[in-house]
Every structure is written in structure tokens, then in C-alpha cells.
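Enquirer: For reference, the chains in residue letters:
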Amino acid sequence: MNQPKQSNRCRQVVRRWPLLLVLLLCLAAIPAAAQTKKITGKVTDEAGNPVSGATVREKDSRRGTATDAAGNFSLTVKNNAVLIVTSVGIEPREITVGETDNYDIKVKPRDNSLNEVVVTALGIKREKRELTYSTQQVTGAALSASKETGVLNALTGKVSGVQITASSGQPGASSRIVIRGNSSLLGNNEALIILDGIPINNDQTGNPSGSGSGTSRLSDIDPNTIESINVLKGSAASALYGSAAARGVVLITTKGGAINSKPKVMVNSQYSFENPILPKMQTRYALGDRGVYFDGDTKKTSAVWGPSIDSLRSVGLLSYYKDPLKAFFTTGHTWTNTVSVGGGTDRSSYFFSYSNLNQTGTVPTTKYGRNAIFGKFTNKITDQVTATLQLNYSLSSSHTIPEGYDLTDPLWTVYTSPSTWNPLPYLDANGNQRVFRLSRNNPYWDLHNIYTNNKNSRFIPVVTVVYKPLNWLTITERGGADTYTEQPDYYEAPSTALVTTGRVIQNSSNFRQLNNDLIAEARHGFGDFDVSFLVGNNIQSTYSQTQSTTGTGISIANLDNISNGAVITGYDTLYRVRKIGFYGQANVSYKNFLNLSLTGRYDGTSVLADKKNFYPYGSASAGFIFSELIKVPAISFGKLRVSYSSVGNDNVGPYSLTTPYQSAGAFPYGGNAGFLISQSLGNPYLRNEITKEAEVGLEMQFLHNRVGFEVSYFNRNHDNLLTQGVPIAPSTGFNSTTLNAAFMTNKGIEALVNITPVKSRNFTWDMTLNYTRIRNKVTKIFGNTPQLQIGQTWAFLGKPYGVFYSPGYLRDSSTHEIIVDASGLPISTQNNEIIGNLQPDFLAGVNNNFTFKNWTVGFFLDYRKGGDILNSDDRYGYFYGTPLVTQNRQDLVVKGLVQGTKQQNTKVVHAEDYFQRLNTNYEAAMQSGTYLKLRTASIGYKLPAQMLGKGPFSTVSLTLTGRNLFIYKPGFTGSDPEVSSYGTGNGSQGVYGNTVPTSRSFNLTLNVNFK
Amino acid sequence: MKKIIAYTAFLAALAGTGCKKFVDVNKNPNSPLTVQEKILLAPIELNIAHGVDAGGSAGNDGEGEAASFTNHFMQTICYNQVALNYGTYYFVSTDMNLSWQQLYNTELENLQQLIQISEKNGNANYTGIAQILKAYVVAFTTDLWGDIPYSKALNGASNLTPTYDKQEDIYDSVQALLDLGIANIGKSQGLKVGADDYFYGGKMPQWVKLAYSLKARYYMHLTKAPGHTAVAQAQLALTALQNGMTANGDDWKFDYPGGATSQSAWYTIMLPYSTLCASSAIVDTLVNRNDPRLPFVITKSKNTGLYTGRAIGTPSIGNLDDYSSIGDYYAAIDATQYILPYTEVQFIQAEANWLVTGAAAAQPFYTAAITNNMTKIGVASGDIATYLASRGTLTAGNALQRIIEEKRIAHMLSPENYNDWRRTGWPALTIVPNAQTAGIPRRLIYPQSELNTNPQPQQSAQFTDRVWWDGQ
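Here the protein sequences come in this chain order: L and S. Read in order, the letters of the first sequence correspond to residues 1 to 1011 in the working numbering. Read in order, the letters of the second sequence correspond to residues 1 to 472 in the working numbering.
No lab work stands behind these hints, which were simulated from the structure alone. Wrong hints could be hidden among the right ones.
In silico lysine-lysine, DSS-like type, Cα no more than 30 Å apart, as pairs [said to hold, decoys possible]:
1. Lys692/L - Lys20/S
2. Lys27/S - Lys611/L
3. Lys299/L - Lys20/S
4. Lys125/L - Lys692/L
5. Lys166/S - Lys611/L
6. Lys42/L - Lys780/L
7. Lys20/S - Lys612/L
8. Lys27/S - Lys612/L
9. Lys21/S - Lys299/L
10. Lys780/L - Lys152/S
11. Lys264/L - Lys950/L
12. Lys612/L - Lys21/S
13. Lys20/S - Lys611/L
14. Lys42/L - Lys264/L
15. Lys38/L - Lys299/L
16. Lys166/S - Lys203/S
17. Lys255/L - Lys322/L
18. Lys255/L - Lys106/L
In this text, all values refer to a predicted model and were calculated from it rather than measured experimentally.
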């Protein structure tokens, strides 16, 4: 298809959400001139369906109107006027008014990909071509193709500039989403999530014991109800959303019905099974120490440094032999069933969906389930007022085990178990735990005696009322709430192995966030200019309360009730945060090739210092569609865009201004209440932080859009970062404080390439590539402080965020060779050293889709280059003799220099001594996060239409999808380097340890659409 | 249209005035900004007994690991782990963080709060107690780290980088704090102290006796300090003790209730997950001397039924149940934590009298101290006599060794033993195999948390350096 001629293109574009500005009020009063006549007409598409909401206006005039639900319009125009018909997604048309008064106007859809309509800030739909900043859309279909149960995991690898990191393979486990790099040292770094205009909570919750991850609350949303996701990456795109949007925005648009359409029933049924991708461990040597066999029953030890299995077998001593990981993990199963119906009458449309998800995990006993109901009803109350009510309700439940570096985590013992000891039964005849080593529980005992049951009931109602008093003016009122109640119960039985008393923790959390936007938008064309103005107000109020009771000292087995505790203690925390914002935006489009956009916002927040809690910010951006001016046959589209923004942010928790007394640990104690002053010093001077971002982008399409790319370069400066928990010298009396302290930069390149190598009647091959490269640098911490602990990693002046800073090899200062001690073993440094960094060099993804007649085949490859990860399982394993590398037990000579003499080391050491020494050396467990994953591979078949004939079905399709069929991880010995085992928090990143492994799964999906 | 304008204008006006108020919700509903004295005293005391003196962790207010370190140095406890650990003096600076958090944040900052609040309210008993406890915490800290932040410390944001004071000056301050405490209690002003005082239940005369006993303890710490003489320090100690403790009833101790959330510090420290057991050095000493306290203070190996300690620094990992652990006198779930028992006063009297007058003068205090301690532990009187006989009489040549050796056994897990060892060289310790320092540590290194945020010249100190009072 040819590029439409400039003259035919409309100057006026999206006017779905016109808006007000006082300025325009005067213009409305200019009287009409010359001879006029009233005409009527109907706008229809190629199939004859009415096109509602299309703009019909007179060229070189202000006169115009919009078509109604049936595509009809009426308008008074000059004689011989030229009508311009435009709408989102259609080719603009010009019709010269002649003698007749009635016009049937047929319109064609606009050339694919140039007319892509995307949802931008505040839910405003705009054509992608006129945007002045970078966004990327992911369709609902692409999300479901990933076969992930959670929205975030479904996005992984698909969007440039975005990094999503899973925490664990446990059902419902959380994931972290960071857009354009970390922007805060210790504050929230995760993207803002907006559902149909309402910010929704995506905290990691539901893990009262605190070990391991929890669930990211976004997983309450059923991915099947999502029409599309738009990722607003830069601050210019998101500035209208206010402070939190400085971290990027994930805009979720849900499905809806359509005016004048018959009920469409869709049934989707999925089953998948998941097998854990287990790390390879050594299984050649038995439990024992220094080659001496310990049977685990009469002789116990934690060491798996015994004799070889073969030698035991040859003397008939081998009574049991099984890989402890294979024995422990099992196959998980997921069933998902969704049914939905959508349609509409001439004045209303509706969409309802119900889905049920049931998942059993790869760790026996673990499970996750979700029932979600979604309904959306839109009604045209009058010709000027349209109202939409939508409700999202979900009830999710899970049964999980603790993970991470905690004695309650069975995996800690599983990953360091010998293959020569049978862990079952887990109880002996006296009801005591059977263990091969002391100081740890039997992992199978853990499964049945330490767990969390969680229930979350979530309700997200949104009401949108759109009032169009004039064809160029739209007033939108949108109110919504995100509320949930969560009740996690943690149960831990008393352990005979650890001599613990057991406990029950029962939490009850109430979260509610109310959000209201009142927006007025005016749009109008003036000759070659197309102008829109928008003003609005946002009010947001967040309330969250957690009541927690702990019963310590359990006497009744598996009674998961607080009354089971011998001593009951509790706490209650309540947080209230309020924000208010006023915003405005002005867009000017000139001759359809130059777009300018200005935004401004003035925010107030409850969390900052009095007199510092209101602050302004804004953005300016421009897009230049050069292909409109310079015509080159091979170039179908070309746009250059630049933007600059400065966004204020209040990224700090409430109550950070004062230093209160807090209930002391272990209190109440012996009948006394006890409070101690908070170890975190309040700061009454906190003001907003600022993200300044400059961005340039180039978007091009070639060869009739068969090849296209989009590339952006951004430079973000994060200044005066609000940093909660900045360590201060303990000798000040306090341990930390909150400061407007740190400075950080993110510079990056994002690229997206779309290629359609083959496009014919029966066969199409589409390919999408994305690439992200971000360079982060911490440019200031505070004062002269050179480093700051984030958790598992550190921030270092002049280094990227997330440096590993732990004892490493002591090295010779000139030759950098390892220094060994007199016994020939490497020496670990006494002080921390920089031994790695978690930032990847780049991320990339390739998606291929082939359509051949009724068959579709797709595969999605995902690549991460670099980014270090601490393999904590190996670090502990070196001590115990369980990692695969410890299978080589030859005596060895460590290559290095002898301390003092600086001679080459020649001393022979035992492998056990060597590896146990490495246990103190974190550098020896630093591994590469590089991976290449075949994240999904699928094959689908759609029954031919003639087969369905006159039956009730319009389409029936069957898809088989394999996930993680292949993971190449050259520098990593664990299951999957793409995890942060301890959850989504800043402090948890970069560590792999004691976690449920990633799964390889097969999914079968049956999709049926009824006529 | 006009309606819209009017409505918008009205809303804008409303918004302008209401905004400030709307966002004014930042008052913390969870935690108070002021408290009474008794609310502070109870957790301060629990943390002194549990954290500072025992090295345990009370809730989430920081661990006083430093006390545990002294028990590794004194070769009392031992990890059932391969060589590189605290037992072989393998430390990194971050290992000191929790202790400073406990000492400066949990203790000293809150003691300062307590002093300020009680002074303002005129509750002198609380002021006095806080000053005595502050003296104890400051002395504990300087004994392990030498020069520490003191006069410029605890000023919050107004001094983020407090310089360190000389230990010599801090010792003057410790004595002065104790004198202030005694004087404040003497005022008998304001609120009576009650059940929030776990140590003495508000019995103020006993607090005064404790203050004098602490004065004696700290005078004795300076027996070889530059510019001080042992005899003069002993004389000062004896003078102080004229007002010091006189009976076991004066013991400074903490009785653990032993409930699910009130287990004794040593019970929790020795739980199996720590992989700690008794060191062969202490077990062998008690076994070799036929010390009748052995079954009370050391357990038998669960597997073998024998008294077997683990040798620190040995390479292999055995079975934890093959080794002895700490006995019920210290580590029962409801044990008593003795911070400064009367028996310590008796041993100080023995040492001070030996210094001032001679071995014969020390003998009765020495005998009384051992007898008192053994009786308290539950040893039969016949066994006491047998043991005393086997240890012989104090002579000019053996008095210091015997007094300190017995003092160490009597208070087997007290951090005070490490001060005595550095002062006197007793009990004799041998450096462990696989030691990571050139000698047995004579002090602790500064914590990473201070290194990062408050660089000071003193921070180059190494484990083998000596604090000021630890003169050669």
C-alpha cells in the first residue's frame, strides 16, 4: 500500500478525548460567515459497519462535528466546502460538498503500524505517529502467548528499556519491574502500574515470616482481561501521571464490548505442567568427612566429603542412592479456565469475564489459585454523556514455603543433602525428626510443618463519565479505588532438630487507595495547526493498615490459630499518604509533520516537609515526521523526536520527618511495656527529588512497512534522591536517617526492530527484535560517603548501582595474582572488596511468528549479557561438598603467590580444604548472569472456517506452548540466573540462593469463540 | 458554558484553600514522640543483660555480639565448623556493626534520652540509674575498642562525624558518671522506680552498692595503665568497695522468666542452629582440676556421655552431639544472667588485698569467693572443701594466677574475663591453630558502619594492638 499523500492526510488527528482551555472559549464565539447549508451523512467502513466518533469538519474552518454510534452526522457548512473525515485508525478522507445534502462516506483503515493507536497518559488514545516520546505496546494476545499466570512475567523480555526479574519458581512468586534503570538507591524503583486510568498497588506482600519473596500484587489481575499494555518509559511520556511516574508507567487497558455488536462468547481452557530446571550437583561422593563414610543415622555430619559412591557400593555399604533434588521436587500443574462475553447495543456495550486458575507447584504441597471476575459496562446516557462502570474482583490464595537464607527453608537442606541418605520417613519411631546432620530440619518435615497460607481479596471499581458539551470539548471525570484485604497465616511447628518453640503469625492487612481525576480537554484545528489543551486535577489517598499477632510457643500440632501460642504479641501499623496534583498539557501539530507537546504539573504530597510539600515540574517534547517532507520511495515513514522533562518525586515513606519511640523488640516483657527511640533519625527538611531526562528517538519504516525500527537514546539524571535508611555513624546515637542525598544517572539505548521477511497469501513471517542497554552510575551518595549498603549489594560512588562488596581473594597488588597462605590455601580479604556488579551489559529479545494457512508457529528468544549474580548455593555448597565442581576431588596446587615470600605456590592441598576455604570468599561464588533462553516456543492450529460450517463456533484453535525449553547459561551453575531469590526489594537483588528453581513447562490451550 | 466556567472557578478556589489541609496527614499514628521513664528503662535493662553482657539478641534491637567474641578469645565456646571463624580470629569489619548498633543506638542513645527526660521531670532516681548504666556501657565499649566516640557522640544530625575520645579521658568520665548516679539517687526525688527495674525492683540502696562495685571494677582495670600503679588502683577499689556489695542479694543480675519469648540469652545462643559447643580448653581445664562445678556449667556429649570439648581451629566438621555444650547454670531456658555478682566483688577484694597487703590478706576473700560461687551453683560443701584443698594456698608467686583463674571459672562466660586476661595474663591461653592474626586479639577492630560514615584516625587499629590501659 502506498503512503497516503500529504494533502490527503488530515491535519487534525485524534479527537477522541478533546479538552478545554479558557483560551479556546473566546475562539468559540467568532461568528460564522458566508453562505452555508446543512448537510447530513453517515460514515461507514469497508464492511459497511458504522464508524462512530469520527470527526467530520470543514476544511479551513472551525466547523465540525463527530459521528454518533450509528455513524451519522449533521453539520452546517459553506457551499462547496471540503469535508475532512478523520478518526483514530482510519485513512482521512476529503469530500467536496456538492448539490446533495446527504453523504455516505466510506473510509478505509489506515496503513498498518502507522495508524497504531496507543493509550497514553491519563488514558488518552493517540496515534503512535504523532507521539513525541517513546512508548511500547504489548497486545493482550502477546501477553497470553507467554502462558504466564502473572502479568509481569508475561511482559518479560518483550519491551525494550524494561527489566523484569523473577524471585522464584514458587507459584505466585513476585517479580520486579524496573524501567530505564534504577532511579533510587533505597526507595521504590519499580514502575507505576495504572489500570484503566487508576493507579493500582503492586507491592510484594503475603509473606509474614519475611524469608523469601511474596507475591507481587499485580498478579491479582487476570491477564485474559487485558486488551493491551502500554509501557511509558521516559518521564516526558509519563509526567502527567505525577511523581510516581518518574519510574516509568505500565498502562493496562482492559477489554470492553463494542457498540452494536452481537454477544461474543469466548472460552479459553489451558493446562500446563511444569518441571523444575534443577542445577547439577555432585552425586559421586557420599555423606562423610575426609573420605570417611557417615551413614547419617548413627554418624551424622553436614559434610558430603565422604568416600566415593562406587567404593561404598563395592563393599556393599551403599543402602540408598538418589539425587536429593530429583527426589524432592515434583511436577507442577496449572489449569486455567476463562469464559467471557462481550457485545453491545446502539447505546451501550458490555464485557464480562470469569477466570479460574489453579496451580500446584514444583515443591510438594505448594499451590496458588485465583478466581477473577471482571465486568465493564458502558452506556451512553445522553448524546453528550457516556458513563463506564467497571469492576475487577479477585480472590487469590496460596500455600507456600519460606525460601531464602533461613532455617525454615527446606531448600537450604535439599541443596546440600547427600545422595546416600534416605530422608524418609522424616520422623523416627519417637516422633522426632530424622536428620543426617544436626542444626537443620529434615526438609520433608519442613514441608508439612512450616508454611504460609495466604488469602487476598481485591476489588478495583472504576467509574468514568465523559461529558462532551461541545464537539471540541470533553470533560472526563474518573474515580476509582483499589482495595484489598490480605490475610496471610504463617505456621511453624516446634522443631525437635532445632529446639525451637514454634510460632503462628497471623496478619491482616487492609489496603485502600482512592484516586480521582477531573480532566478537561479541548481540541481544535486552525488552518495548518491542530491544537489541543488539557487541564486536570488528581487526588489520591492511600491508606494501609496491618495488624499482626504472633503466638510463640506452639503446643498443638498444625493448629494454625493464634490461640495455639503460649505467648501472644502483636503490633498494628497504619500508613496514610495523600497527594494532590494539578496538571496541564498543550499539543500543537503543524501540517501533520511537526508535533509539539508541553506538560506541566503542580503536586502536593503529605510525606514531605511542611512548605516543601508542593512542587512544580514539566516536560517539553517535539516530533518531526520528516518522511512527510522528504519523499524517498523506500522510506514509508520517518520520525525524529526529542524531549526534555523534569519530574519531581516524593519517593519516601510517610512519617520520615520525625524520630518517634517504637515498641522495643521482645516487648511487652515480664509485664512491662517497652519503647526505645527509633534508630532511624527523622529529617524535618525533606523535599522532593527530581528526575531530569533528555531523550532523542528515531522511528522509521521501510519497504511498505515490511521493515521498521525505533531507537531511543535517553540520559536521565536523578538528583537529590530521597534516600530512606542512609546509614549514619552509630556514634551519632542513630543508625540511619532519611536524606535528599544521592545522585544517580542512567544513560541508555533502546531499540525495537520489526521485520516481515515473508508476507504472502498463505505464509507470513513476522519478526520483532528488542534491545536495551543501560549504563547506570552513582554520582553522589551524601557528603563524602563513598558507599552505601543496599542490602545484598552496595551503591558505590562512580560505580553502577548494585555492586557486590564482600571478602574476595587477597591479591598481589602489582601482579593481581592470588595470595595463598603457608598451607597453600587462598586467603580471603579481611575487608570487603568490589567483586561484581549486578547490572547487565544489555538485554535483547527476538520474537518470531510464522503463519501458514491455519497454522501458527512462534518462538521467543531472550538474551541477557552480563550482570553478576552471587550463587549463594554454591558458596555454602563449597563447605559441604555438594556443588558439581566439588566432584573433582584430586589434591591440587592453588595457582598463586605465597604470602610473604611472593614465590609461586607449590604446596599440594586437599580438595576439601580448598573448597572449604572458598566458603569464606564471596568472589569464588560470583557468577555470570548471562543467559540465552528459549522463553516460549509454540505451535497453534485454527480449524478452517469451512469445517465449522453452520455450527455454533466462529473460531476454534489449539495451541501447544513450551516455556523455557532451553536455557544457555555459560557462567552460571544454578538453575536460572534470572532470579533474585529474596524477592523484589532493592536489597534482595543479585542473589541466587535456596530458591525454588525456574520451571520448564508445556501448555496446551484450547480457545473457542462462539458465533 | 457559563456554568462550566463558574463551576471550574469554584472548584479551583476550593482546591486552593483545601489542598494544604488535605495533605496534612503526616502525623505518625503508630509511635509516640514522647514517653515516660519506665517505658524506656525496661527495654534498656533487658538489652544490657541480654545483648551487652551476654551477647544475645533481644528482639530486633541489635545483637551484642561483642560479648560472644570475648568468649571465643577466652576459648570458652567453639564453632563446630572448619577453621576460619571467630574462634580463629577471622573477622571482617562488618562483624562489628551489630555490636555498635546495640551499644550506641539501643543503649547509649536511649540512656541519654532517659537522663534528659528524667532530669526534666525531676525524677532523680531514674537519672541516677541511667547514669550508672551509662557508665557500664561506656566502660564495656572502651574496654574492647580503646578510643571511642564519647564527648562528641549522641548528637544526632548536629554532629554526624563525632571525633573519638582518648580512653584515658573516658575512664575519668566513667568514674564521674558513677559519682553522679550515686549523687542523684541520694536526692530521693521524684517518681519511685518499680517493676520496670528488672535488676533491683527499684531498691535504690542496691543501685548505690552496684555503683560503688562498678567503680572498684573500673579502678582495677587500670592496674597497668600508663600513669597508674596497681597498688594505688587497688587502694581506690578497696575504698570504693566499702560502700559496695556485701551479699549475693546485691548481685547485679537478670532472672529470665524462660517463657516462649523470654528464654535466657545463653539458651538461645547455644541452640543447635548456631553450631556452637564448648571448647576443649575450658572443658579440659575443669576436668583436669576435678572442678565440682563441671556438671553444672558444662553438659556431657549427647552421643558419648563424656565431657568433650571441641578443639578450636581444627579442620574437620564433626557431629555437634559429639561435643559438650554450656550447662544449665548458664544456659537453662530460665537461667540467671549475672552481670556483676557479689562474687566478683569478693575476687576484686582478693586481688586488691593481694596488691596492697599480700597473699595472706587475699586468701580469705579468695576462699570466700570460691565457696560462695560453688554454693550458689549447687556444689555440695564436701566437694567444695576437697576442691579448695586441691588448689592450695595463695602465695606471693601464685596469688594473681590463682585469683584470676578462679574468677574466670566462677564467672565462666563474663566478658570481664577478657579484661582480666589482658590485665594479668591469666588464665594462660595458647593461640589456636589456623589463627588469622599474629597473636590472640587484644582488642576489637572498629565497625564498618563507622568506617563508612565517620572516618577517624583511630580506625587503623588491628586486633593485635593494645588499648591504652593494656600497657606492656
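Enquirer: With a cut-off of 30 Å on the C-alpha distance, tell me whether Lys166/S and Lys611/L pass.
Expert: Violated: Lys166/S and Lys611/L sit about 43 Å apart, past 30 Å.
Enquirer: Sort out whether Lys611/L lies within 30 Å of Lys20/S, counting only the CA atoms.
Expert: Judged against 30 Å, a Cα distance of about 9 Å means the pair holds.
Enquirer: Lys20/S and Lys612/L were given as a pair; does the straight-line alpha-carbon distance stay at or below 30 Å?
Expert: holds (11 Å)
Enquirer: Just to be careful, I want the Cα atoms of Lys255/L and Lys322/L compared with a cutoff of 30 Å; is the pair within it?
Expert: Roughly 50 Å between the alpha carbons, so the hint for Lys255/L and Lys322/L is violated.
Enquirer: For a C-alpha distance cap of 30 Å, please report whether Lys27/S and Lys611/L respect it.
Expert: holds (16 Å)
Enquirer: Need the status of pair Lys692/L, Lys20/S: alpha-carbon distance at most 30 Å?
Expert: Cα-Cα ~26 Å, so holds.
Enquirer: Sort out whether Lys152/S lies within 30 Å of Lys780/L, counting only the CA atoms.
Expert: At roughly 27 Å apart (the allowed maximum being 30 Å), Lys152/S and Lys780/L satisfy the hint.
Enquirer: Going straight from one Cα to the other, do Lys299/L and Lys20/S come out at no more than 30 Å?
Expert: Violated - the C-alpha atoms of Lys20/S and Lys299/L are around 71 Å apart, more than 30 Å.
Enquirer: Decide if the proposed pair is consistent with the structure: Lys42/L and Lys780/L, CA atoms, cutoff 30 Å inclusive.
Expert: Violated, because 62 Å separates the two Cα atoms, which is more than 30 Å.
Enquirer: For the pair we were handed, Lys612/L and Lys21/S, check the Cα-Cα distance against 30 Å.
Expert: Between Lys612/L and Lys21/S the Cα gap is close to 14 Å, so the pair holds against 30 Å.
Enquirer: Taking only the CA atoms, is the gap from Lys264/L to Lys950/L under or equal to 30 Å?
Expert: Answer holds: Lys264/L to Lys950/L is near 16 Å, not above 30 Å.
Enquirer: For a C-alpha distance cap of 30 Å, please report whether Lys27/S and Lys612/L respect it.
Expert: holds (16 Å)
Going down the numbered hints, you'll see the structure goes against 3, 5, 6, 9, 15, 16, 17, while the others check out.
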